[in-house]
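Student: Sequence:
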Amino acid sequence: MAVLDTAAALAAVSAPLGAARGLPNACYTDADCHRLEARALFARNWTCVGAGADIPEPGDALPVEAAGAPILLVRGRDGAVRAFHNVCRHRGARLVTGPEKRRPALRCPYHSWTYGLDGELLRTPLVGGPGRDDCPAVDKSGLGLRPVRAAVWNDLVFVDLSGAARPLAETMAPLDARWADYDFSDMRHVASWELELRANWKLAVENFLESYHLPWVHPALTARSPLEEHRQVAVSERVYGQTTDSFAPDKIDESPFAPFPGLSPARELLGEYPIVFPNVLLGLQRDHFYAIIVDPLAPDLTRERVRLYMVGEPPDRPGYDEALAALVANWKEVFAEDVWAVERLQMGRASDAFDGGVLTPRHDALTQRFMRSVAECLAEGAADGAAR
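For the sequence shown, the residue numbers in the working numbering are 128 to 515.
These are calculated hints, taken from the structure and not from any lab test.
On a predicted model such as this, the values are computed, not experimentally measured, just so you know.
Check each hint, because a few of them may be wrong.
[Said to hold, decoys possible] Simulated crosslink set (DMTMM-like; lysine to aspartate or glutamate; CA at most 25 Å straight-line):
{"hint": "1", "residue 1": "Lys459", "residue 2": "Glu503"}
{"hint": "2", "residue 1": "Lys228", "residue 2": "Glu355"}
{"hint": "3", "residue 1": "Lys459", "residue 2": "Glu323"}
{"hint": "4", "residue 1": "Lys459", "residue 2": "Glu297"}
{"hint": "5", "residue 1": "Lys459", "residue 2": "Glu364"}
[Claimed, not checked] Label-pair distances were calculated between CB atoms; the ranges are:
{"hint": "6", "residue 1": "Ala468", "residue 2": "Ala146", "range": "20 to 30 Å"}
{"hint": "7", "residue 1": "Gly145", "residue 2": "Met474", "range": "36 to 46 Å"}
{"hint": "8", "residue 1": "Gly439", "residue 2": "Pro197", "range": "29 to 39 Å"}
{"hint": "9", "residue 1": "Pro263", "residue 2": "Ala361", "range": "54 to 64 Å"}
{"hint": "10", "residue 1": "Val279", "residue 2": "Glu507", "range": "44 to 54 Å"}
{"hint": "11", "residue 1": "Gly256", "residue 2": "Arg221", "range": "21 to 31 Å"}
{"hint": "12", "residue 1": "Ala350", "residue 2": "Ala393", "range": "47 to 57 Å"}
{"hint": "13", "residue 1": "Ser312", "residue 2": "Pro185", "range": "40 to 50 Å"}
{"hint": "14", "residue 1": "Ala361", "residue 2": "Gly255", "range": "34 to 44 Å"}
{"hint": "15", "residue 1": "Arg358", "residue 2": "Pro388", "range": "22 to 32 Å"}
{"hint": "16", "residue 1": "Leu354", "residue 2": "Asp245", "range": "22 to 32 Å"}
Quick reminder that beta carbons are idealized off the backbone N, C-alpha and C, glycines included.
Make the full structure from the sequences, and use the hints.
Tutor: Here it is as structure tokens:
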């Protein structure tokens, strides 16, 4: 088992670009590091766990995980999205194990304890014995599902297991300001799909943060979004990524899709691709928006959940459905092209000869920023563990 020196990792990745080294191999391969990330990184930050589109109707419920903990997302009768720890308060059985649709309540299959969509414990059948559904020792008013702090931003659902992170609205405010010209209230969800990568989750994020690989991994995409048009932008401490000022300018007049209303001609050419640390990757263009939720399943296994949104209602126009299907197919192809590349990065982490690699000033400033944030969280978590 590898031993991770978190202080040394932080020092190495914090050196000036050109001299800095990436995170050590243990950060991508070691089970202890994976557990430390869950406790020190994912449990202490707002983590994206799903989308409102996953639970569109009242009574819809979706089991997810955050920092290894089972969480349940529920759409209430009032339309609000709530999150709870996905365990029955009686004996700790997993309450929901798969997507549920339009349920009037949430019933544990073990002893049939039943909870409202707001988490309130409603029924405890036979808890006092045959024919007795109440018991003096069981105070239902204090045994509702334990809530998890949750917030929604542009249909994306985030949770904060610590309950201590600053409000999500504050985290997202700089990006909201940058994207103030885009009316996200007019978006509609059109497609969802998943990818599985035999690689560590951080490699998926690092790959998304740089455009250097585009000519070789994404030649068709590069033809529409040339490498020389890409820039790196740090919106805030937690939000940063790639932007291009000229995404397929020759295709705008041919597009059947309605753009966000009121965009300037320059905005209509813009493509922006930031991450929200730690685990959601965003893409915004003139007429659509996507999010990739990155789920760390194991040190060497990652799931990506893609949610794609279009602007406005679908027009009654010949060829629109075919164009939408082509857009979905195009993004599926682009995201799938990254899989082999990221998996090769994981394979390289098995080599003791790899020392974290080179972080170049031209291409890797954002990768360094991400790695440094990871290393800071691990160092803080390791220090907390030593103090206990």
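Student: State the violated hints by number, sorted upward, taking the hints as numbered earlier in the document.
Tutor: 1, 2, 4, 5, 7, 10, 12, 13, 14, 16
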